[in-house]
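Once you've looked at the hints, dock chain B against the given chain A.
Residue numbers (full-length UniProt numbering), protein chains in the order written: chain A, 1 to 443; chain B, 1 to 443.
If you're looking for bench data, these hints aren't it; they were derived computationally from the structure. Since we're looking at a predicted model, the values are computed, not measured. One or more of the hints may lead you astray.
[As the list claims (entries may be wrong)] Coverage of chain B stretches by chain A, computed from C-beta distances (three or more under 8 Å per stretch; other residues unrestricted): (1) 32-40; (2) 102-112; (3) 161-174; (4) 204-210; (5) 328-342; (6) 397-403.
[To be verified] Away from chain A, derived, C-beta distances all over 12 Å, residues of chain B: (7) L95; (8) R117; (9) Q123; (10) V128; (11) A197; (12) A220; (13) E240; (14) R269; (15) R364; (16) G380; (17) R388; (18) V414; (19) V431; (20) P433.
Here a beta-carbon is modelled for each residue, glycine too, at the ideal position from N, C-alpha and C.
Here's the letter readout for the chains.
There are 2 protein chains.
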Amino acid sequence: MSRLSGFPEWLPAQRAVEQRVIDLLRETFELHGFAGLETRAVEPVEQLLRKGEIDKEVYAVRRLHADDDAADSLALHFDLTVPFARYVVENANDLEFPFRRYQIQKVWRGERPQQGRFREFTQADIDVVARDVLPFHFDVEVARVMAEALSRLPVPRLRLQVSNRKVLEGFYRGLGVAEPTAVMQAVDKLDKLPQDAVRSLLLQAGLDERQADACLALSAISTSDSSFAEQVTALGVEHELLAEGLAELVRVIDGCAGIEGVDVVVDLRIARGLDYYTGTVFETRMAGYEHLGSVCSGGRYDELARDNRNTYPGVGISLGVSRILSPLFADGLVADRSVPSVVLVAVHDEAERAASDALATALRSRGIATEVAPAAQRLGKQIRHAERRGIPYVLFPGDAVQVKDLRTGDQVDVDPTTWTPAPDDLRAGIVRPTPAPPEETTP
Amino acid sequence: MSRLSGFPEWLPAQRAVEQRVIDLLRETFELHGFAGLETRAVEPVEQLLRKGEIDKEVYAVRRLHADDDAADSLALHFDLTVPFARYVVENANDLEFPFRRYQIQKVWRGERPQQGRFREFTQADIDVVARDVLPFHFDVEVARVMAEALSRLPVPRLRLQVSNRKVLEGFYRGLGVAEPTAVMQAVDKLDKLPQDAVRSLLLQAGLDERQADACLALSAISTSDSSFAEQVTALGVEHELLAEGLAELVRVIDGCAGIEGVDVVVDLRIARGLDYYTGTVFETRMAGYEHLGSVCSGGRYDELARDNRNTYPGVGISLGVSRILSPLFADGLVADRSVPSVVLVAVHDEAERAASDALATALRSRGIATEVAPAAQRLGKQIRHAERRGIPYVLFPGDAVQVKDLRTGDQVDVDPTTWTPAPDDLRAGIVRPTPAPPEETTP
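Okay, chain A solo, but in the shape it has when bound:
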C-alpha cells in the first residue's frame, strides 16, 4: 500500500496541532461575530470554470457507473470563495446583510504536488459580503480579525502585508502610464525576479526610465504605520485614485495598531495578480518559510457575486492551514501527547477494573480527559504505556489513591474527588521546531 502524493495525512500528535490551530481561528472569528458555514464539496463544472485559467487543476467527480448523462457534471471545489459566492446568491433571501462568515474546509486542486502545494488541503476563509454597498470599515475589520487570529497561532511569526490596488493604479495613472494592469503584473513578480529583471519588464511594457524607476520606488515602500503615505507623496505623483487609495490604506494600518504577536505592515510591492480585487489587498509571509510565498491572502472585490437584482461586494482573506502546517510538521512541530488524555488510571487486576473505571468517570465529570490502562500488566508496563503517549499523570487506585507525575517522578497521595492537574496540563502542549536556518533567496 503506498501513500498518495499530494494528499497529506497527519499522525495523531500532528492532527492535534492542526485541530488547535483551527480552534484558535474559529474562536477569534466567532468573537468577532463571524458565523461558521460549510458548503458542499462539489460544484457544477461549468460554475468552477467560469473564471478560466484553472481548468486543468479541477478534479471532476462522477458516479462510477453513471449513465452517460453529462447533465450532472460535477467537480470538487478548488477554493472556498467560488462556492461562497454561489451560496450567497442562492440563499440571499435567508441571509442578513452585511453577512460575516468564516469557513474552514478542505479544497482540492489537481496540481503537480510539490512542497507546500497539495492536491487536498485545508483553508480557513473569512469574508464580509453586503448587498450593493459594503462600507470601507469592513476592510479594516477583516484585516484586524485575521491579524488577531494569526497572532495567536503556534507557528513562526507571521507578517501580514497590506496594499491597495487604488494606490498602485492611481500612482501609475498619475505617472501617465496607459496600461496600469501590465505594470501591476510586472511589479507582482518582484518576489520571484530580481529588481533589474522587473525593471526590464516595465520598459518592455512601454514605460520610460523615469516611470519605471518611480514604479520601483513605489514598490520599495513598506512601513508598519501610516508614514508610508508621506513617502508616497514625496515621489511627487498626484492622482485622485491614488489619494483615495492612500486614505483607505491609512485606515487599515491604523486600524490594525496594537495587535501583539504579528507584524502588520503596508507593503506597496503587493499587487495580487488576480483581476477581481479592486482596492485593499493582503498577502502574508511566515518567518523562515518565505519560500512558501503568501500563506494568507485576499482583498476587496466590488463584485463577489451578482444575481438578477443585486451585486454583492465583499472583502475577505483566506489562510492556507495545510500550507503553513505541512513544512512545520516536517521540521518537527508536534503536540507533546498523541492522545487528549491527561491521566491514565492504572489497573491492578482485571477483576478490579470497575474500580479504575469509576475513578476515571469521576475525573471526567470534572473535565479531566482520562483513559484506563488497557490491561492489568505490571505497573512499570502501564507507566510506559502512558509515557509513550505523552500522558503526564498515572493514577493508582487503592485504599490510598496515588498520583505519579511522569515528568518529575513525584508520586503522592491524593483525594481523587478533588485532585486536579495543573491547568496547563489539561490539554497537550505544543513542541515547536528549532528555527530554520536563514533563508537562501531563490533567484
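Below, chain B without anything else, positioned relative to chain A:
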C-alpha cells in the same frame, strides 16, 4: 442556479446547531482519551471496491484533463472505516496500540437521494483498534462512550440497541440450524417486514416450525438491564457460543448503567447484516424518527485490517450526523441566533465608530462575542439589525454606556469594563421542533 439534489447545505442558524453537535461529540470522545483524526477524502478505487456490493455508489475522482493513465484511479470514500483501516496499516509503526480514535468527516455516496439519504453527509466515528488482541472491555467502553455522547445531543431521545452475533449464532446452532447466516439475514428484516413474512423466510431457509418460532421468540427479547439473559435461558437452547455471547452482552449492558438522557437496551432483533461483525453489534433509533432506521451503528470486527505480520481487531460505532439533523432541520430545529454575537455595539455617528470599536474590543477581551453596527443609522434600525440576527443585547456608547436586553426591553446603565451577559446568553440557544406526530409504521 439550482441546488444539487443530495448535497445539503445549511443556513447559518442550522450550521450553528450542527457545529454544537460536533463540539459535544468531540468533547465527550476526548474526555475518554480518543484522539482526533482525519483521513484524505479519496482512496484508490480498487481499495474501496474490495468489499464488493457498493461499487455503483462510489464517486470516481479524476483530473479534468488527466492523461489517460488509469494508474491514479481515485474515488471519494463512502465511509470512515475503510480509510481508517488503511491508515492503521500504513502508520502501524507510528501508532500506539490499543489505539482510540474519533473521526468526524464528510463521506460521499452516489445513491439516489431521498429523505435522510444523501450523496454528501457527515459521519462521526469512534473506534478502538489493537494489534492482534483487543480485550473485550473495549466493547463496553465504546458502547458507554457513544451512549454518553448521544445523551448530550440536543435531539429527540435516542435508543442505543445492543446485541451480539455470538448470542444469535450460538442460539441458532444450539437449535440445530445448519446455516445461521441465512437466519440472521431474515431476522434482520424484522424492521421492514411483518413477523409472519420473516417466519416464512425462515421456513424457506429450511427451518422447521419449532426452530422458526424459537428464532422469533429470541428476536422479541429486549430489556434495559441484564434480565434478558434469563429470558434467553428460559427458551431452553444451549450452546457454548451462546453462553459466551450472553456473558459479553451482560457486560455491555451493565457497563452502560446509569447514563441519563439516553436509552441503552439489549435488543436481540438487532443482527446487522454485514459479514464482518463478529460479536457485539449496535444500532440506534431516534424517537419520532424511527423511519430513518438506525442512525448510529457499529460493532466488533475481529479483523478491521491486516498486514503481512499482524491482524488489527477493532470495535467501533458510527453516528450519522447529517442523517439525524436533516429531518430535524426540516421540522424546525435551529439555533436562536444566526451569528455567534452576543452583543451589538451601536454607532451614533460614523465619526465615532472608533469608540464603538473600542467597546467591542473590550468585550471580546472578556470572551464576549461582539459585533459593531454596520452603519450609523438611527437606533431603531440598529436594534432591528440585532433582532433579525437573534443577538440578545445592544450596547449604546456614550458618557453613560447603556445596555438594552432586546428580549425584555430593559435598558440600563452599565460599566462596560465589567458588564457580562448572563452565562446562558454567551452562546446561542437551540430551538427544538415541536414533537412529530406519532409514527405511521411503513409496512
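Hints and how they fare:
no.: 1; hint: 32-40; verdict: holds (count 9)
no.: 2; hint: 102-112; verdict: holds (count 3)
no.: 3; hint: 161-174; verdict: violated (count 0)
no.: 4; hint: 204-210; verdict: violated (count 0)
no.: 5; hint: 328-342; verdict: holds (count 4)
no.: 6; hint: 397-403; verdict: violated (count 0)
no.: 7; hint: L95; verdict: 7 Å, violated
no.: 8; hint: R117; verdict: 14 Å, holds
no.: 9; hint: Q123; verdict: 14 Å, holds
no.: 10; hint: V128; verdict: 9 Å, violated
no.: 11; hint: A197; verdict: 31 Å, holds
no.: 12; hint: A220; verdict: 31 Å, holds
no.: 13; hint: E240; verdict: 22 Å, holds
no.: 14; hint: R269; verdict: 29 Å, holds
no.: 15; hint: R364; verdict: 5 Å, violated
no.: 16; hint: G380; verdict: 16 Å, holds
no.: 17; hint: R388; verdict: 5 Å, violated
no.: 18; hint: V414; verdict: 19 Å, holds
no.: 19; hint: V431; verdict: 16 Å, holds
no.: 20; hint: P433; verdict: 18 Å, holds
Hint compliance for this structure: hints 3, 4, 6, 7, 10, 15 and 17 are not met, and every other hint is.
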